[in-house]
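Spelled out from the first residue to the last, the chains are:
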Amino acid sequence: MEFIRNTHIDFIGFRKVAYTISIVFTILAIIGFIRGLNYGVDFAGGTIIQYKFTKAITAEELRAVLTQFNLQNSVFQRFADDEIAIRTIKLNDAQKNDLEKALKDKFGEVKIIRIEDVGPTVGGELRRTAFIALIIAVIGILIYVSIRFEFRPAVTSIIAMAHDGIIVLGLITLFGREFNTSVLAALLTILGYSINDSIVIMDRIREKLSLHKRMNFKDLINTSLNETLSRTVNTVLTTLLPVLSLVFFGGKMTQDFAITMLIGLLIGTYSSIFIAASFFYDWEVKKPLRR
Amino acid sequence: MIKNWKDLPWRLIITIALVALSILALVPPAQRIRLGLDLKGGSHIVLECIDTPEAPLDEDSVKRVVEIVRNRIDQLGVSEPIILRQGERRVLVQLPGETDPQRAVEIIGKTALLEFKDETGKTLLTGATLKNAQVQYDRFGRPTVSISFNKEGADLFAKATTANVGKPIGIYLDGKIISNPVVQEPILKGDAQITGRFTLDEAQNLAILLRAGALPVKVEVIEQRSVGPSLGKDSIRFGIRAAIIGLILVFIFMLLYYGWMGLLADIALVCYALFTFALLAVLQATLTLPGIGAFILSVGMAVDANVLIFERIKEEYRSGKTWRAAIQAGFDKAFKTILDSNITTLIAAALLFFVGTGSIKGFGVTLSLGIICSMFTGIWVTRALVDLLVQKPTFKS
Numbered sequence: 001m002e003f004i005r006n007t008h009i010d011f012i013g014f015r016k017v018a019y020t021i022s023i024v025f026t027i028l029a030i031i032g033f034i035r036g037l038n039y040g041v042d043f044a045g046g047t048i049i050q051y052k053f054t055k056a057i058t059a060e061e062l063r064a065v066l067t068q069f070n071l072q073n074s075v076f077q078r079f080a081d082d083e084i085a086i087r088t089i090k091l092n093d094a095q096k097n098d099l100e101k102a103l104k105d106k107f108g109e110v111k112i113i114r115i116e117d118v119g120p121t122v123g124g125e126l127r128r129t130a131f132i133a134l135i136i137a138v139i140g141i142l143i144y145v146s147i148r149f150e151f152r153p154a155v156t157s158i159i160a161m162a163h164d165g166i167i168v169l170g171l172i173t174l175f176g177r178e179f180n181t182s183v184l185a186a187l188l189t190i191l192g193y194s195i196n197d198s199i200v201i202m203d204r205i206r207e208k209l210s211l212h213k214r215m216n217f218k219d220l221i222n223t224s225l226n227e228t229l230s231r232t233v234n235t236v237l238t239t240l241l242p243v244l245s246l247v248f249f250g251g252k253m254t255q256d257f258a259i260t261m262l263i264g265l266l267i268g269t270y271s272s273i274f275i276a277a278s279f280f281y282d283w284e285v286k287k288p289l290r291r
Numbered sequence: 292m293i294k295n296w297k298d299l300p301w302r303l304i305i306t307i308a309l310v311a312l313s314i315l316a317l318v319p320p321a322q323r324i325r326l327g328l329d330l331k332g333g334s335h336i337v338l339e340c341i342d343t344p345e346a347p348l349d350e351d352s353v354k355r356v357v358e359i360v361r362n363r364i365d366q367l368g369v370s371e372p373i374i375l376r377q378g379e380r381r382v383l384v385q386l387p388g389e390t391d392p393q394r395a396v397e398i399i400g401k402t403a404l405l406e407f408k409d410e411t412g413k414t415l416l417t418g419a420t421l422k423n424a425q426v427q428y429d430r431f432g433r434p435t436v437s438i439s440f441n442k443e444g445a446d447l448f449a450k451a452t453t454a455n456v457g458k459p460i461g462i463y464l465d466g467k468i469i470s471n472p473v474v475q476e477p478i479l480k481g482d483a484q485i486t487g488r489f490t491l492d493e494a495q496n497l498a499i500l501l502r503a504g505a506l507p508v509k510v511e512v513i514e515q516r517s518v519g520p521s522l523g524k525d526s527i528r529f530g531i532r533a534a535i536i537g538l539i540l541v542f543i544f545m546l547l548y549y550g551w552m553g554l555l556a557d558i559a560l561v562c563y564a565l566f567t568f569a570l571l572a573v574l575q576a577t578l579t580l581p582g583i584g585a586f587i588l589s590v591g592m593a594v595d596a597n598v599l600i601f602e603r604i605k606e607e608y609r610s611g612k613t614w615r616a617a618i619q620a621g622f623d624k625a626f627k628t629i630l631d632s633n634i635t636t637l638i639a640a641a642l643l644f645f646v647g648t649g650s651i652k653g654f655g656v657t658l659s660l661g662i663i664c665s666m667f668t669g670i671w672v673t674r675a676l677v678d679l680l681v682q683k684p685t686f687k688s
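Line by line, the protein sequences give chains C and E.
Mapping of the first sequence onto this note's numbering: position 65 corresponds to residue 65, and the numbering continues sequentially without gaps.
Take any residue in the second sequence, note its place counting from 1, add 291, and you have its number in this note's numbering.
No farther apart than 25 Å at their CA atoms in a straight line, the calculated lysine-lysine pairs in the PhoX-like style are these:
| hint | chain 1 | residue 1 | chain 2 | residue 2 |
| --- | --- | --- | --- | --- |
| 1 | C | K213 | E | K627 |
| 2 | C | K111 | E | K524 |
| 3 | E | K467 | C | K90 |
| 4 | C | K52 | E | K331 |
| 5 | C | K111 | E | K401 |
| 6 | C | K252 | E | K331 |
| 7 | E | K524 | C | K52 |
| 8 | E | K401 | C | K101 |
| 9 | C | K213 | E | K624 |
| 10 | E | K401 | C | K90 |
| 11 | C | K208 | E | K605 |
| 12 | E | K509 | C | K90 |
| 13 | C | K208 | E | K624 |
If you are wondering where the hints come from, they were derived from the structure by calculation, not from laboratory data.
All chains should be built: construct the whole structure from the sequences, respecting the hints.
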């Protein structure tokens with residue numbers, strides 16, 4: 001079985017469309033950033049309490065109880081008919097106990113199966129650490145790529161990587177999803193992964209450049225992309241399959257991670273094929289370095 | 292044919308040996324894999340000591356906080372607790388298992404300063420002079436806390452009760468009055484009973500707090516993460532399910548797409564899963580829920596190496612090389628690309644291990660180990676299997 005063989009797709013000819021798509025997504029991402037990242041409890045501080053009731057509870061019923069404590073603006077995450085997590089501002093022990101008591105009065109036996117309670121100082125620290133981690137990751141990858149590759153392929157791969165990171169985080173924000181430590185983990189992995197796809201393609205272009213000095217530059221890049229297309233698609237599929245399995249079968253607790261990974265994989269692949277090589281092409285055409 | 296030492300399929304022998312060692316390292320899995328609190332259930336609590344004018348913070352007071360918190364947790368009967376000082380003024384407490392997180396926080400975070408005050412509000416003596424505290428029942432069957440003082444406390448208490456016969460002595464816990472009994476007669480033996488309107492739980496908590504002693508400074512719970520064992524079990528179940536389905540999907544894909552070579556990649560993939568978990572066990576690394584996510588993710592990355600190699604072999608074969616030569620060239624040429632592409636992900640993963648906290652650290656560890664194992668199985672183990680089926684090309688001819 002083989003899906004992709006001897007394709008002759010004119011990727012470079014498609015680049016204007018690709019740039020437009022990317023610019024639109026980047027603008028969407030920036031709108032997301034302007035509206036502000038939706039920090040999770042880890043980064044913003046606050047309390048998550050997951051309750052297990054003995055019967056099915058509706059969100060309205062629960063909100064009615066929370067209103068008594070001025071917590072009606074809390075965010076709910078349903079795990080099952082009888083299992084709901086609420087995210088509130090940081091509650092102290094007395095408040096938690098009072099809330100539990102009120103819920104018990106209304107709904108009968110209630111069990112707390114998860115508490116995440118992060119004070120504002122810790123939240124601030126974790127947020128700072130997260131951004132430091134992102135910056136160090138980018139610097140680490142920059143150093144590696146600049147040692148290992150020539151200037152232009154390195155720069156274009158990194159532009160593609162930045163493109164992926166910005167769009168993924170922007171889309172997450174725009175969809176109203178939380179930015180928490182799981183999303184950070186996924187984001188860092190995506191950065192590494194995005195570079196990896198671009199590198200395979202850039203490697204091929206470099207190899208072709210030294211082998212076929214006379215070849216038309218556009219054809220050369222298109223051939224490289226087509227030759228590696230099977231590999232690009234297959235490696236994405238093999239990574240996508242487990243991630244999809246995690247999205248659909250992994251339960252709610254890993255959802256943030258899985259969905260971020262899913263978006264990242266799709267965007268990362270797109271940018272490696274359509275953005276990195278196209279950028280490299282335009283650069284070379286405008287300011288040729290080739291002998 | 293095997294004629295001398297050099298012809299032995301070394302790679303295969305080593306692979307089989309590693310598989311055997313990995314199985315040894317992993318049996319029984321429940322005991323060999325160290326689970327994080329998010330999977331086995333438990334509480335992670337961070338306390339911060341607060342500097343107040345009444346109780347200024349110094350090096351010694353933080354040390355005593357650690358000691359007293361340890362005492363209190365010992366009283367709770369938690370098995371294998373971890374109590375560590377973190378930085379200048381923080382104390383990390385990890386309590387595995389079914390401990391009621393609310394109760395744990397209540398007991399750990401309370402200052403538990405017991406004071407006896409006369410009518411004018413003057414402090415007569417404090418809990419620092421206590422010898423013991425026990426839950427007992429009064430004649431109505433209500434739980435009370437009976438306390439006994441040490442020599443110094445008994446003297447002070449005798450003096451206080453003598454001076455206040457017929458008057459109330461207020462018993463305060465952390466500044467809040469819990470009982471205000473009227474002294475009937477001087478108590479000289481150094482025994483007393485605190486009869487608040489306690490529930491049994493409250494009485495037990497108070498007894499524990501009084502036995503372990505008051506904290507020298509105010510503390511605040513600045514971070515708490517508790518997961519009930521049932522939720523942890525659910526997470527494990529979901530994680531295993533997603534991992535198995537993911538593995539099967541990748542298995543089928545490789546088999547359909549690459550035929551017999553895909554089957555070899557699948558065998559290598561099984562080795563990969565085995566090696567990764569064996570390494571986790573041997574290094575005593577902690578497997579967390581994000582760690583399971585990392586494992587599932589790296590399943591895809593593990594066959595990535597195979598895809599790179601197989602695609603390269605196909606290309607080389609199409610360009611007119613013999614199978615053997617194509618295989619040799621495929622492995623050689625794909626090697627550098629595999630290394631490059633994995634190193635960038637490894638940089639990100641390793642970073643999460645170093646700067647991450649708690650369960651995210653587990654993600655970094657598992658992903659880093661996964662990437663290393665995947666390069667090994669993707670290149671080396673697959674090579675061993677391919678060599679088994681296609682005899683090694685000899686370069687003499």
